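Two independent chains are provided; combine them into the complex using the hints.
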Amino acid sequence: MDGVILWHLGPLPITRTVVTTWALMGLLGALAFAATRRMTLEPGPRQTAIEGIVEALDNGVHAILPDAPNALLDWIGSLWIFLVIANLAGIVPGVSSPTDDLSLTAALALLVFLSVHWFGIRSAGWRAYLRHYLEPYPLLAPFHVFSELTRTVSLAVRLFGNIMSLEIAALLVLLVGGLLVPVPILLLHIVEALVQAYIFGMLALVYIAGGIQSHRAIPSSPGPIPP
Amino acid sequence: MNDMTWFVVLSTVVALLAIGIGVMLPALAMGRAISQAIDALARQPEAEKSITRTLFIGLAMIESLAIYVLVVVLIVLFRNPLLAYLLE
Chain A
1 MDGVILWHLG PLPITRTVVT TWALMGLLGA LAFAATRRMT LEPGPRQTAI EGIVEALDNG
61 VHAILPDAPN ALLDWIGSLW IFLVIANLAG IVPGVSSPTD DLSLTAALAL LVFLSVHWFG
121 IRSAGWRAYL RHYLEPYPLL APFHVFSELT RTVSLAVRLF GNIMSLEIAA LLVLLVGGLL
181 VPVPILLLHI VEALVQAYIF GMLALVYIAG GIQSHRAIPS SPGPIPP
Chain B
228 MNDMTWFVVL STVVALLAIG IGVMLPALAM GRAISQAIDA LARQPEAEKS ITRTLFIGLA
288 MIESLAIYVL VVVLIVLFRN PLLAYLLE
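Protein chains in written order, with this note's numbering: chain A, 1 to 227; chain B, 228 to 315.
Just chain B, with the same shape it has in the complex (with noise of 0.2 Å):
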């Protein structure tokens, strides 16, 4: 196999195996925090308001660590800047 093949092979495969493991993990720790959230409201109805806030905010800084890795994702598969290197 010549070097643009094997470039596309592992970038893709690396690609899919990031988008995989980025994911799994940050889903793990957003069922994590709603449960605790749900723990909460079970015991404590009337704080409501401010859990559901928090919770939000929370959910918002977990999910943006898969967001990089979507973006970082992108970037390998569309706009990799080591691909210039190999086309010289």
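Looking at chain A on its own, in the form it has when it is part of the complex (with noise of 0.2 Å):
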């Protein structure tokens, strides 16, 4: 569960978790990197398909917030690309998925707790973004703080609950089983990872829009549907 280390670089424990996400990164910005070079207009299979990825993001944080800054779709985007990744790595026989540790998770727990605060403050202002904590009644307000909190622990716990639980479970058919039973373990570890992906950079682009949005009227719902 702790991540185990693999060297000591000075007095600075070097985890097998920083070893992969350093590498997945690496990974992620040279695919990046070698995909955007020589774009063309007319795109070939290749552009198309990356351009395909950037859209599908485009339109999931659209959904949720059509007037998103390109600042937020960059952000969730990554996020998203960066956890499928994380979390199928698991599947590739000796690297163990780096979502597994909770270090990792609460790390971009954290980023999602302040970048709630940073786009809510760039779209609002101080002084109305801070009111929104004062919003329904001053009283409630350390409810809001404590709410948000919570969500940001759960945030991380959640990711890493799911990841670590589906490895040992995989762990605990090996054991019981035998050399090819948990493939069926495997194949759901395979969509819980894609779940649990979605389910992050979702949750954190509701709460940014809950941010942004803190300050502006709650809209009111569309009428009934017409038949």
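What the hints contain is simulated information worked out from the structure, not anything from laboratory work.
It cannot be assumed that every hint is accurate.
Unchecked claim - Computed list of chain A residues with no C-beta within reach of chain B, every gap over 10 Å:
1. Ala34
2. Pro43
3. Arg46
4. Tyr137
5. Leu188
6. Ile190
To be verified - Derived contacts from chain A toward chain B, CB cut-off under 7 Å, selection only:
7. Ser154
8. Arg158
9. Ile199
Everything numeric in this text was worked out from a predicted model, so none of it was measured.
We put the CB at the ideal spot given by N, CA and C, even for glycine.
Laid out in structure tokens, this is it:
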């Protein structure tokens, strides 16, 4: 559960999670760099695939927040891409997925927590953003703060718990059964990895959208849809 | 029975009970959420996208409750901080 220490860099222990994360980051960065060279107006198959991915991420973000700023698209999109790759890395033999370490998921959740305030303050300004803590009634401000803390913790624990429990389940079945018996569990692992990456990014998006929209009036629900 | 035996027996029994109950209740909640979502989907098929999105987010929230139970149970079984007092 806690990262296996591979070697020490001076006083700093380097865990397996750090190595895997940096390797994945390097891989993704190199892929993104290679994919965006020589872009043409009439895309070939490779560029079409990349554009499809970017457009899917774009649609996902704009479905929640139609006027999303570009920085938000970058942040949520890279979160989605990284988490899909990081969760699926556990399937590769010899590699353990970096998201089964609470340190990594806690770091990501902390970034989400900070970005909620960053985007909220940037779109509304200090005063309007801070005022929403006093919104229904000033007495409820501690509950706002408390809910922000608990939802950050739950964001971290949810991703960590899901990935770790799947790995432990596969390991237990491997111990009880034989060599190929955990394969169905690994198939479930693939589905769960994709779902959890989607959920993490979507919840981050919903929280950030809540921060951005906090100073606006709640839009009235549209009337009944005509038959 | 000495202290260690009691500790092992009690933590195993409690962990099994906790995971049993802690999975049962979120399962009921998830079943209810899904049945309501399918109800809404049958009534308004054109709202499929937003219903599915909200359903997924809600399911993740409910599911994390079961995950909390799992994490606590694993801590009790493998990393019980109170074991140190017993071993002293």
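Each hint tested on the structure:
no., hint, verdict
1, Ala34, "holds, 33 Å"
2, Pro43, "holds, 27 Å"
3, Arg46, "holds, 29 Å"
4, Tyr137, "holds, 25 Å"
5, Leu188, "holds, 14 Å"
6, Ile190, "holds, 17 Å"
7, Ser154, "holds, 5 Å"
8, Arg158, "holds, 4 Å"
9, Ile199, "holds, 4 Å"
No hint from the list above goes unmet by this structure.
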